[in-house]
Amino acid sequence: MKLHEYQSKAIFAQYGVPIPNGKVASNADEARQIAAQLNKRVVIKSQVLVGGRGKAGGIKVANDPDEAEQLADQILAMKIKGLPVRKVLVDEAIHIAKEIYLGVVVDRAAKCATMIGSAAGGMEIEEVARTTPEKIVRIKIDSAYGLLEYQARALAFALGIDKTLVRDFTAIATGLYRAFVATDATLAEINPLAVTAENKLIAADGKIVLDDNALYRHPDLEQLRDIDEESSEEQRARNAGLSYVKLDGDIGCMVNGAGLAMATMDVIKFYGGAPANFLDIGGGAKADKVKTALEIILSDPNVKCVLFNIFGGITRGDEVARGVVEGLKGIKTRVPMVARIVGTNAEEGRRILADANMMTAETLEEGAQKAVAAAKRMQ
Amino acid sequence: MSILIDKKTKLLVQGITGREGEFHTKQMIEYGTHVVAGVTPGRGGEQVLGVPVFDTVAQAVAQTDANTSVVYVPARAAADSILEAADAGIKLVVCITEGVPVVDMLRVARRLAETDTRLVGPNCPGLISPGKSKVGIIPGAICMPGPVGIVARSGTLTYEVLHALTQRRIGQSTCVGIGGDPVHGLGFIEVLEMFQNDRQTKAIVLIGEIGGTDEEKAAAFIKKNVRKPVVAFVAGQTAPPGKRMGHAGAIIEGGTGTAAEKIAAFQAAGVPVARFPGEVAELVARRLARAKK
Chain A
1 MKLHEYQSKA IFAQYGVPIP NGKVASNADE ARQIAAQLNK RVVIKSQVLV GGRGKAGGIK
61 VANDPDEAEQ LADQILAMKI KGLPVRKVLV DEAIHIAKEI YLGVVVDRAA KCATMIGSAA
121 GGMEIEEVAR TTPEKIVRIK IDSAYGLLEY QARALAFALG IDKTLVRDFT AIATGLYRAF
181 VATDATLAEI NPLAVTAENK LIAADGKIVL DDNALYRHPD LEQLRDIDEE SSEEQRARNA
241 GLSYVKLDGD IGCMVNGAGL AMATMDVIKF YGGAPANFLD IGGGAKADKV KTALEIILSD
301 PNVKCVLFNI FGGITRGDEV ARGVVEGLKG IKTRVPMVAR IVGTNAEEGR RILADANMMT
361 AETLEEGAQK AVAAAKRMQ
Chain B
380 MSILIDKKTK LLVQGITGRE GEFHTKQMIE YGTHVVAGVT PGRGGEQVLG VPVFDTVAQA
440 VAQTDANTSV VYVPARAAAD SILEAADAGI KLVVCITEGV PVVDMLRVAR RLAETDTRLV
500 GPNCPGLISP GKSKVGIIPG AICMPGPVGI VARSGTLTYE VLHALTQRRI GQSTCVGIGG
560 DPVHGLGFIE VLEMFQNDRQ TKAIVLIGEI GGTDEEKAAA FIKKNVRKPV VAFVAGQTAP
620 PGKRMGHAGA IIEGGTGTAA EKIAAFQAAG VPVARFPGEV AELVARRLAR AKK
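Sequences listed follow chains A and B, in order. For the first sequence, position 20 (counting from the first letter as 1) is numbered 20 according to the numbering used here, and the numbering increases by one without interruption. The numbering used here runs 379 ahead of the 1-based position in the second sequence.
Isolated chain A, as found in the complex:
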């Protein structure tokens, strides 16, 4: 789950990271009042959970409260990469002399948290990694001790931080790491960490991505969820304990297991079709889950056919088939369905499904081909 800039910066501030004075506004009038209170030039920053806000025109400087109101009004009417702007952050404008990147990520390969710094701040770090990898400094953090001060100092020197700012930088780096651990983040990033014209360090932008698996111990952070980040179907799936991602194609997929679900999408594409979604219904195929999953899939008007791909391992194929048939009850649709069941008692399972007027298939390849053909017929 991603947090907005204003939420992320507020968390960083709790850990001693300096941030610009500012407040979030939901309408132009609020933006004017905040600008008037700050009584300085301000930056109006759209709060949407995508990158490239500046390029899209979602970040503007206002010289006075009138202009702040006017620009906030404009930005609040925007959609950036399909996401509506519902809030703007009104921050005092800072005079940036130099931009630094500072982030903490989960290093999958090294199995530790790693702090990443770069003197090329302001750009996306992936872009820096691609074009000038020598500008990136990495520090592995031992979770038993946290980020040690000498490590933070070494990073400051490696990034060419002014000697008078090393102490401040060390406090910011250790604060950022503590925020990462305290929120159970998978990413905590200050980009840019600005060196101001007055030679001060300040977090001009911030981003936190939380670990969904750890949200249970952060009910306060769960409250910060932006409902626009997910489609309503994705929200419904999450509440039902289903893993669902909407895609652009026309063949709905219902599969047990994430790896098999991805492979099913791939096979559909291999045979010239396009998957409408990723959906993992988890172990077995219980009637209630099948029903909810099918309702979610069919709520997408693009769907012209649904392909079930269920591996009956410990849950036998015939039990899976009965769950599917039971789940289909009460769902009215003309969308054709193809079911492929494999594993223990698969033949019995296929017979049950055929009796319920579903097309059946023995192999995934056969199922995908039938689904692609059925979707074409519906066009």
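Derived from the structure by calculation, the hints contain no laboratory data.
Simulated restraints on C-beta separations:
no.: 1; chain 1: A; residue 1: K81; chain 2: B; residue 2: L428; range: 48 to 58 Å
no.: 2; chain 1: A; residue 1: G330; chain 2: B; residue 2: G424; range: 42 to 52 Å
no.: 3; chain 1: B; residue 1: G424; chain 2: A; residue 2: R86; range: 49 to 59 Å
no.: 4; chain 1: B; residue 1: R398; chain 2: A; residue 2: V61; range: 52 to 62 Å
no.: 5; chain 1: A; residue 1: R238; chain 2: B; residue 2: R489; range: 29 to 39 Å
Even glycine gets a Cβ: it sits at the ideal position worked out from N, Cα and C.
Position chain B relative to chain A; hints supplied.
Positioned in the frame of chain A, the structure of chain B alone reads:
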């Protein structure tokens, strides 16, 4: 032979009194796994399916000489259970539990690095050495003993491959599900090395998916160190960037972790990559036939 588990495996089940724990304990016993103990704090002295239950792993190990443990406890307790097993001297811990916070796994990895305990998982189906022992949730009925070693990041996709191999009467030495989380225990490289050194294993199947760069590293390792034929499959060619595809680790981030890069890495290492799961068994059959000549 086989790797990691065999007839000598004496298994302890952590969370044996839970619904999942008890269900799969029954399955494992029926398969022939030597389940010697269970642990559920506060339920010591009870029995589940004839297996004695202990309050702590240390007590269970002292009384039963268990050498392997499988963890079915809820996600919030999983990291603690893994470390309890390691501290009690268990040499192989298999964590089935899904949804373990990644920060917990960073601590687990840090601690395990100081021990000689190996971890498989979390968020994995466990492992099976067909005809000898199964630890976890892989359905025994779709496996048979034979020459193919399997290492995979997913569950049901692996079953799909196991089932297809068995239908062709191609058996398996050991199948290891290493799990779908970004930070996990044994990786492709460690398991590939074990298969390379295992006499029963004549060919290896590697099943990867999007996210991270483990497949690329495995490809480089295979090129340099693995002399047995390897066949690969990579799931997620149609996955969009930035979206987590079910598994916490299956996400394309910052342009890395795509299926295309992984497939290219395997091909560059001379490893044939199946276009769809059904093709894996076909490629393995061909490679085994060639190896016999």
